[in-house]
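Chains as they are written, first to last, in the numbering used here: chain A, 451 to 802; chain B, 451 to 802.
Bear in mind the hints are in silico, worked out from the structure with no lab data behind them.
Just so it is clear, the structure is predicted and the values come from calculations on it, not from any experiment.
Please note that the accuracy of each hint is not assured.
Given that identical chains are not distinguished, each listed pair holds provided it fits within a single copy or across any two copies.
Claimed, not checked - Derived PhoX-like pairs: lysine-lysine, alpha-carbon spacing no greater than 25 Å straight-line: (1) K491 <-> K501; (2) K675 <-> K458; (3) K501 <-> K472; (4) K763 <-> K458; (5) K706 <-> K472; (6) K491 <-> K502; (7) K755 <-> K731; (8) K786 <-> K516; (9) K491 <-> K755; (10) K786 <-> K502.
Number of protein chains: 2
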Amino acid sequence: MSRFFSSKYSNLVPYTPGEQPKDMKYIKLNTNESPFPPSEKAIAAALEEAKKLQLYSDPDCTDLVKEFCEVFGVEKDEVLFTNGSDEILNFAFMAFCDDDTPAIFPETTYGFYPVFAELNHVPYKEIPLREDFTINIEDYFNAGGTVFIANPNAPTGIALTPAEVRAIVENNPDNIVVIDEAYVDFGTESSVPLVKEYDNLVVTQTFSKSRSLAGARLGFGIAKKELIQDMNTIKYSTNPYNVNRMSMAAGLGCLKDEEYTKANCQSIIESRAFAMEELRKLGFEMTDSKANFIFVKHPEYSGAKLQAELKKKGILIRHFSKPALDEYNRITIGTKEQMQALIDAVAELLGR
Amino acid sequence: MSRFFSSKYSNLVPYTPGEQPKDMKYIKLNTNESPFPPSEKAIAAALEEAKKLQLYSDPDCTDLVKEFCEVFGVEKDEVLFTNGSDEILNFAFMAFCDDDTPAIFPETTYGFYPVFAELNHVPYKEIPLREDFTINIEDYFNAGGTVFIANPNAPTGIALTPAEVRAIVENNPDNIVVIDEAYVDFGTESSVPLVKEYDNLVVTQTFSKSRSLAGARLGFGIAKKELIQDMNTIKYSTNPYNVNRMSMAAGLGCLKDEEYTKANCQSIIESRAFAMEELRKLGFEMTDSKANFIFVKHPEYSGAKLQAELKKKGILIRHFSKPALDEYNRITIGTKEQMQALIDAVAELLGR
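The shape of chain A in the complex, shown without the other chains:
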């Protein structure tokens, strides 16, 4: 830290991204990326834009928004695109939390929420999950602050039903509820349709997972017009050109190829079922994940050791050292072949 760094941020502990090996020799099951390349339509659209990079991108993302509205059934003033969904989440922390309105989220969830709270100097309250890692929705009724819930949750993969989300939204009439649907496309019902009904709901999603655009950084928020306007006030005061031309075009290309997205999601769902079944046979316990990752532990093999030993075998998975989670590992669902390689490696480690 320099002698000039503002004391406002001197205690900030940044988020730790998952390991990103440079050499590509690993089977990468540690950062919840898609094993499938982006849609050919996304690639082609990005290429077209690459030739026009001397011109600024459209701050309003007009073309992308237009296509998006058709696919998602929302109005153009009900969506805001950002540089990854981390940016829309940060905008929501900025716009809807302050000294009088704390952020409220599960104790076990996306590790960035407490960082956003610290960054923005807003008080926050972490609510423990139940023993089985499920969310007790009543813990969030009349929460007295802005509620952030990842659905499905991370790193457990456990999803709430739309009725449960609705109950949380209805029971916080004077506060915003943000539903972070980064992993929604792998078997969870989206709360996007609820946006039409409630003026206190923000749904965020990303093109990083189901649409294979992690490296393009494209996320979005859906909410009623007034809430989008508030977050646009933040955006236009922070980085009006926050989404670059190529990522905008790639996103549009994806939306014109929703069949590809759906087929990839279906493939992940099948690989997940396969991996869960095989790992259960090997003695693993796991949550009921609806995400493109599973959250598993073995009664006779420590989480940290499994992560370290698999790395030696060329397979990366994610281990969290937080006490409640440290017996577990989060394993991204890849192709069926990648899952088979994982299972073979794990079986060998277990001596089966």
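Following the hints, complete the assembly by docking chain B onto the known chain A.
Below, chain B without anything else, positioned relative to chain A:
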């Protein structure tokens, strides 16, 4: 504004980006873009990455940083890449300004500085330019806060010499000086070499102008390691994957084609000299711009009217309604052909 918007931001007045027409039929001289397409090497590199977008980008920008250090003669821990230079500027406002350390900048400069100050709730002081739009450097000696100076300045294009920058840096030993070099490559000497000497200097630049990557959003800051670390604390608490794969690769491609960049800059410098000479013949007065724009007024033709009339003729230029500037227009320097079209149109409007 919604009933949920934090009062922290309710008075925020966002930055207004220049007009971005969707139909491309204008000669666009309003947002300081390059008239030249990006380097073929940049385009090719971006295309390669488009195929790998399912993988996250490298938060450390390792490959880009490596090439950058060779070109710029700095160490890898002395640079930080961001989503456009607006993001590095915001990081500097966050890291180095607070209630005890106001932001200090010219009254006439990049219009985003006061927005960043308001966004971050830091006090700020705007120092008037001299009558002739030059900066009196002594106004910034022992300024008692973090100094932000665009060099060359916007929208005047007037540059400080390295000796003048050095004097400002030396006379603020206990505060950061940020030199915003967005337009440095068109004839201003960079202050990057001074970074080795001073622990209180941050230099920011962008790939948007001289490297034709406005639409890719790629900016950077150069400073001593400790200052970069401070801004990295902000980055990793805001958006670790802030630069996407394609823009990172495009930037690297540009750095491998510096001859192209230099040739384009030289071409702009020649077009600027041509445009200034011809506009002077038509009776315009102007500042001594070292940027890829000129700042001109005509004693017999109002700035607002010129902007409006040129738009009717298919040429966009930028007019600022701020009282001190409203007689002027900022005109981006394009190709010689575009400048000729501008001059012809202006001559017609003036009845010459």
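Here is how each hint holds up against the structure:
Taking CA atoms no more than 25 Å apart as the test, K491 paired with K501 passes in both settings, with 16 Å inside one copy and 11 Å between copies. For the identical chains of this complex, K675 and K458 are inter-copy neighbours only, at 20 Å across copies versus 33 Å inside a copy, given an alpha-carbon limit of 25 Å. Taking identical chains as interchangeable, the C-alpha atoms of K501 and K472 lie at most 25 Å apart only when they sit on different chains, with a minimum of 16 Å there against 27 Å within one chain. Within a single copy, K763 and K458 get their C-alpha atoms no closer than 43 Å, and across copies no closer than 51 Å, so neither meets the 25 Å cut-off.
In the homo-oligomer, the alpha carbons of K706 and K472 lie at most 25 Å apart only across protomers (20 Å), although the nearest pairing inside one protomer, at 31 Å, exceeds that limit. For the homomeric pair K491 and K502, the shortest alpha-carbon distances inside one copy (18 Å) and between copies (14 Å) are both at most 25 Å. With identical chains, the CA atoms of K755 and K731 are at most 25 Å apart within one copy only, with a shortest distance of 20 Å there and 78 Å across copies. When the C-alpha separation of K786 and K516 is checked against a cutoff of 25 Å, the pair qualifies neither within a copy, at 35 Å, nor between copies, at 37 Å.
Taking CA atoms no more than 25 Å apart as the test, K491 paired with K755 passes in neither setting, with 41 Å inside one copy and 44 Å between copies. Proximity of K786 to K502 under the C-alpha cut-off of 25 Å is restricted to the inter-copy arrangement: shortest distance 20 Å between copies versus 39 Å within a copy.
Of the numbered hints listed earlier, those contradicted by the structure are 4, 8 and 9.
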